[in-house]
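Peer 1: Sequence:
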Amino acid sequence: MIYFQTDYALVHYDEKTPCVVIEWTAYASSEQFHFALEKTFEAYQLHRKKNKKLNWINDCRKMKIVSSEDIKWFNEDLNPRLYNRGLRYMAFIMPESIFATTAVEEYQKNTDPKKITIKNFDTILKAKRWMKTVGGRQ
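Numbering-wise (the numbering used here), the sequence shown opens with residue 1 and increments by one.
Certain hints may be false.
Restricting the straight-line Cα-Cα distance to at most 16 Å, the calculated cross-link-like pairs of lysine to aspartate or glutamate (EDC-like) are [as the list claims (entries may be wrong)]:
{"id": "1", "residue 1": "K64", "residue 2": "E31"}
{"id": "2", "residue 1": "K39", "residue 2": "D7"}
{"id": "3", "residue 1": "K115", "residue 2": "D77"}
{"id": "4", "residue 1": "K132", "residue 2": "E15"}
{"id": "5", "residue 1": "K64", "residue 2": "E105"}
{"id": "6", "residue 1": "K62", "residue 2": "E96"}
{"id": "7", "residue 1": "K53", "residue 2": "D14"}
{"id": "8", "residue 1": "K64", "residue 2": "E106"}
{"id": "9", "residue 1": "K72", "residue 2": "E38"}
{"id": "10", "residue 1": "K39", "residue 2": "D77"}
{"id": "11", "residue 1": "K109", "residue 2": "E69"}
{"id": "12", "residue 1": "K126", "residue 2": "D14"}
{"id": "13", "residue 1": "K128", "residue 2": "D14"}
{"id": "14", "residue 1": "K53", "residue 2": "E15"}
{"id": "15", "residue 1": "K50", "residue 2": "D14"}
{"id": "16", "residue 1": "K52", "residue 2": "E42"}
{"id": "17", "residue 1": "K119", "residue 2": "E106"}
Label-pair ranges, simulated between beta-carbon atoms [claimed, not checked]:
{"id": "18", "residue 1": "R129", "residue 2": "E76", "range": "26 to 32 Å"}
{"id": "19", "residue 1": "K52", "residue 2": "R129", "range": "18 to 24 Å"}
{"id": "20", "residue 1": "L78", "residue 2": "N120", "range": "16 to 22 Å"}
{"id": "21", "residue 1": "N110", "residue 2": "Y27", "range": "18 to 24 Å"}
{"id": "22", "residue 1": "K132", "residue 2": "K49", "range": "16 to 22 Å"}
{"id": "23", "residue 1": "T133", "residue 2": "K50", "range": "19 to 25 Å"}
{"id": "24", "residue 1": "E105", "residue 2": "Y83", "range": "17 to 23 Å"}
{"id": "25", "residue 1": "T133", "residue 2": "Y83", "range": "17 to 23 Å"}
{"id": "26", "residue 1": "Y27", "residue 2": "K114", "range": "30 to 36 Å"}
These aren't lab readings, by the way, just hints derived from the structure by calculation. Remember, it's a predicted structure, so these values are computed and weren't measured experimentally. Backbone N, C-alpha and C fix where the C-beta goes; we use that ideal spot for every residue, glycine too.
Whenever a hint applies, use it, and build me the whole structure from the sequences.
Peer 2: Dropping the structure here:
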């Protein structure tokens with residue numbers, strides 16, 4: 001089910017996995033990056049009410065570049081809200097861009113693994129398979 005779509009991001013809910021997915025489809029400005037992640041957070045909150053085993057997938061294959069300030073916001077602002085709403089598992093489909101890969105690595109380095117477990121994948125199918133194995137461990 002599509003929750004939000006623009007030319008730079010697609011957010012949808014996968015009931016079978018279960019997870020929310022943000023797929024970065026093009027370059028996003030700082031404002032767009034924040035907006036798309038806030039929309040993903042809204043989708044997470046909405047579907048978490050129905051499914052306590054809900055997790056999050058970041059499909060970053062087409063992500064271009066993200067500033068350190070935006071990654072800091074993700075870590076310091078969004079992560080605590082996600083954790084407080086019950087998120088424990090997050091998967092990343094790694095970017096093709098070296099610049100975006102560096103941003104993802106920076107985000108992961110600054111995420112507390114005792115709170116949110118993160119795993120990287122090269123395909124969304126592999127990420128969804130992993131999500132199904134950890135979904136019951138909230």
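Peer 1: Can you give the numbers of the hints that this structure goes against, from lowest to highest?
Peer 2: none
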